[in-house]
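Here are the chains, one letter per residue:
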Amino acid sequence: MKTQLILSTVAALALSTAAQAETLRLLTWGGYAPDDVIAMFEEQTGHTVEVTKSNNEEMIAKLRATNGGGFDLAQPSQDRIAGPQIEFGIYKPLDMSQIDTSLFIPSMLEATKGNTTVDGEVYAVPHVWGTSGLVVNTAQAASVRDYTDLCNDDVAGKVSYRLKRPTLIGFAYAMGLDPFAAYDDEAAYKDILDQVEAKLVECKSNVKTYWDGGDELKNLMRSGEVVASMAWDTGGWQLNDDNADITFVAPVSGALGWIDTFALPARGRADEAAYAWINFVMQPEIAAMITASAGNFTASQGGDANVDDALKAKYQASFPQEAIDNIKWYPSVPAGLETLEGAALDRINAAN
Amino acid sequence: MPVTDRSRLTFYLLLAPLLLWLVTLIILPHVGMFLVSLREKVGVREYETGFANYAVFFNEPLYWNTFARTAYMSIAATVLTLLIGFPIAYYIAKLTRGRTKTTLFLMCLIPFWVSELVRTFGWMILLRETGVFSNVLQWAGLADAPVEMLYNDAAIMVGLVYTSMLFMVVPLVTTLDSLDDSLIEAGYDLGASGFAILREIVIPHAMPGIVSGCIVVFMLSLGNYLTPILLGGKDSLWFTGLIYSQFITRFNWELGSAFGFLLLGLSSTIVFIGLKLSRQSLGRTMAQ
Amino acid sequence: MFETPDLECRDISKSFDDFKAVKDVSFAVPPGTFFSILGPSGCGKTTLLRMIAGFQKPSSGDLLIKGRSVLDVPPNKRQVSMVFQHLALFPMMNIGANVGFGLRQRGVNRADIKRQVERVLDRVGLTGVADRPVDSLSGGQKQRVAIARCMVLEPDVLLLDEPLGALDLKLREHMKIELKQLQAEFNTTFVYITHDQSEALVMSDQIAVMNRGVFEQVGTAKELYYEPSTAFVAGFVGEANKFRARVQSLDAGVQMVTDQGQVLHGTAAGKALAKGDAVDVFVRPEAVRLSRDTALNGNAGQGRVENILFNGANSQLILRDQTTGAQMNVALPQTGEFRDLSVGDTVHFGWEPAQTRVYAGD
Chain A
1 MKTQLILSTV AALALSTAAQ AETLRLLTWG GYAPDDVIAM FEEQTGHTVE
51 VTKSNNEEMI AKLRATNGGG FDLAQPSQDR IAGPQIEFGI YKPLDMSQID
101 TSLFIPSMLE ATKGNTTVDG EVYAVPHVWG TSGLVVNTAQ AASVRDYTDL
151 CNDDVAGKVS YRLKRPTLIG FAYAMGLDPF AAYDDEAAYK DILDQVEAKL
201 VECKSNVKTY WDGGDELKNL MRSGEVVASM AWDTGGWQLN DDNADITFVA
251 PVSGALGWID TFALPARGRA DEAAYAWINF VMQPEIAAMI TASAGNFTAS
301 QGGDANVDDA LKAKYQASFP QEAIDNIKWY PSVPAGLETL EGAALDRINA
351 AN
Chain B
353 MPVTDRSRLT FYLLLAPLLL WLVTLIILPH VGMFLVSLRE KVGVREYETG
403 FANYAVFFNE PLYWNTFART AYMSIAATVL TLLIGFPIAY YIAKLTRGRT
453 KTTLFLMCLI PFWVSELVRT FGWMILLRET GVFSNVLQWA GLADAPVEML
503 YNDAAIMVGL VYTSMLFMVV PLVTTLDSLD DSLIEAGYDL GASGFAILRE
553 IVIPHAMPGI VSGCIVVFML SLGNYLTPIL LGGKDSLWFT GLIYSQFITR
603 FNWELGSAFG FLLLGLSSTI VFIGLKLSRQ SLGRTMAQ
Chain C
641 MFETPDLECR DISKSFDDFK AVKDVSFAVP PGTFFSILGP SGCGKTTLLR
691 MIAGFQKPSS GDLLIKGRSV LDVPPNKRQV SMVFQHLALF PMMNIGANVG
741 FGLRQRGVNR ADIKRQVERV LDRVGLTGVA DRPVDSLSGG QKQRVAIARC
791 MVLEPDVLLL DEPLGALDLK LREHMKIELK QLQAEFNTTF VYITHDQSEA
841 LVMSDQIAVM NRGVFEQVGT AKELYYEPST AFVAGFVGEA NKFRARVQSL
891 DAGVQMVTDQ GQVLHGTAAG KALAKGDAVD VFVRPEAVRL SRDTALNGNA
941 GQGRVENILF NGANSQLILR DQTTGAQMNV ALPQTGEFRD LSVGDTVHFG
991 WEPAQTRVYA GD
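Protein chains in written order, with our numbering: chain A, 1 to 352; chain B, 353 to 640; chain C, 641 to 1002.
The reader is advised that the hints may include incorrect statements.
[Stated by the list, open to error] Derived pair list, reagent style BS3-like, types lysine-lysine, alpha-carbon separation capped at 30 Å:
no.	chain 1	residue 1	chain 2	residue 2
1	B	Lys586	A	Lys190
2	C	Lys717	C	Lys660
3	B	Lys586	A	Lys199
4	B	Lys446	C	Lys717
5	B	Lys586	A	Lys204
These are computed hints drawn from the structure, not numbers from a lab.
Extracted from the complex, chain A is given alone in its bound form (with noise of 0.2 Å):
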């Protein structure tokens, strides 16, 4: 008799604890989730944690070909949220009660989430931020200090950048034109791309080559092949540390501030644990670790507070305080927008 309840007891308990334990699968940039952060992670809560890296298109497409399933917790930039929601339905709202705000830097809680609010209904909430601007030798290339510097002769065949969006936006910016105002007029926004196409395609023989991965652009720059490029902050701050001439620099034009959100694939099953990894790595001792990791800093409130000098004074160098003021940030792409960008990339990858 006895002995038969504390065995059901334990089986009871086993049954809670197993249906308590999630395993968590993220779907992640790379550096965001440390090894040491996920074991602490799993140590307090009892819940594991199953890392896939990608990026911001592969995200979205893993989603899509799922209908929002494989994954329990996202990480997309805020300005890719919106629109995929709206057209392919990837995402599941936030319950806002299950998240602890006040880890949050309240501006850009705030900004957030009015950049991903779908009907009514929010979809993200900030965890790192940053900006792409040029990474550059300054021993080799000081003129450049815009992005249309890069098709500057005297850096001819050693520049590089990625054919994406953010080139299309970096090179209008620096054109004198506004892409952003123009993103709820498609024709305005076609007119810009337009122009932007025609330079690239001129500016083409200027480039080595288009990088399309990290690793691949800081053989580049190290190398010597390359002296100048569009690349992320940490990138330039990371080639900083094996080359004092390489840094980043942020564009006059002003550089392109990003911010990678916390968002809820639609038919992910762990959303109890998805939560608590959100407010288990917003405080500011975990931030710290995730900006010594990536390299970026955080939308954690104090999340700096804790975190290495020597990549302080590298935010600091690259960023004046006018520069701050300067970064113009992504607002949500409004959808087929996309199909537009694409058209003229691929024109811009043919042309001779």
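Using the hints, position chains B and C against chain A.
Below, chains B and C alone, put in the same frame as chain A:
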């Protein structure tokens, strides 16, 4: 009668896994892809059925230029692989014995011990401006400045030929192995020159191997993604790249599916023409 | 009148690494001869043939065709043609293209090729098959195509590398006769290699028996059969009972005693003998006479029938000599006299000393 019934049942049971495999992994996805390719996007989450996606392809010179370029580069890669692979295969099949033969055969396999990505990166390390070849040339005094050998069509060609070589050499070695040496000797004995023997005896005998090798290499080149993208750099227009970008970066599955079907049609057409020109049947070639 | 031989080898040798396959072989083949080289496998006959064809280069010696050295002439320029062991017909061509192959290489025009191909196919008895594929022919017909393919080039010498080996027995018997007829028809010098003595004996004008890289004896079939000059030839050509013995006396022929203790008389062949030499003694089965009742003269004994190998005209008896225990093969006479002989019977046997050939042993 019961005997035939039973043997027929056995036949269908044996056939079942193959049919299942064909239907679930090949036919169904293609049917699905074809249906997707017929969807015309008219607005957010609104689609109509039609051939608009195919029309996009034919109305945009960029797409069919890339298509044609992919085709002729693949054909060139196939021809080049054949020209390089044939002497290698002949050497392995006819002029070596025992251990040497096995060793040479294994050497053809070595590139496949690493992934395609690593193989391609290997070529990038060799060919890039600060790479091995460039440094050797400068050291030897043949060049006075770094030489960029990457990011052009020749680099793509090198990569494709390297990747495909095994698939050309294996069927060639198999067919050449089955060529009786005495046929070659008989040719000499009857007064033929080396070239005449190659043309009248060796090549006709090896034809099924040549054609099956060419088909495989052509398909591999046409469907290759990494090599043209990584080695070709900014001019690396390859049709698979277009398909990839439609699916992944443009979220345009409809156009991507249409492109996929056009690629399937292209490869089938070229293989068909190749078979007709070489007077080989697909069955005979694949039995090789 | 001295006629230039079609083919002449002078001290020709071939070594592979440390193995000497052919050792200082010399011979000449007069025009129009059917010349066979007979030997067991591994005796060097194939190597010799390949040297004549040009596929292998002699290590030393000279090779002349129609009196001219061809050592520096590559196989595709030599006026010799070869019929390969498995014929080596080109499966990728039809019969006409096979036969016309050599003419095409010479640049003969198409009409002439067609005419000549038809004529040679006619001569080998295969009219009108030119457009058919090789596989549509029987083994014997393929053989004839292979010969036609060579003969259309009118070679000085036709080499044949055991071409009957792949055929079944019955066809082989038939082809022996046919080959001989074809050779007479074309009147071309044939050099034929084989390990089958009956092929060589039936077809050849001259036979060279080859063993371990040397020619043991060159002669007509009769000479080889009745007067083998070495123990190897005596044993290899035709069948023979073989005894080992020791020479006792050389007065009036050879008198010797076998290892089993029987005293035999014989005729010395080959090298000169001395008293006390170990010798090999050969007696053909058909030289042995049998008798039921009376003891026979010459080398004689009495034996028990151990086995009767009945094979029609080629039937044989196996006897066990009752005094020495030696085994004897005896051709069963076809006169009918011994038809009722059965296992266990005892018979007298004997043979003439003149048919007892004695060779110095090793």
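Each hint tested on the structure:
1. B:Lys586 / A:Lys190: holds, 24 Å
2. C:Lys717 / C:Lys660: Satisfied, since the Cα-Cα distance of roughly 27 Å is no more than 30 Å.
3. B:Lys586 / A:Lys199: The hint holds at about 16 Å.
4. B:Lys446 / C:Lys717: holds, 23 Å
5. B:Lys586 / A:Lys204: Between lysine 586 of chain B and lysine 204 of chain A the Cα gap is close to 8 Å, so the pair holds against 30 Å.
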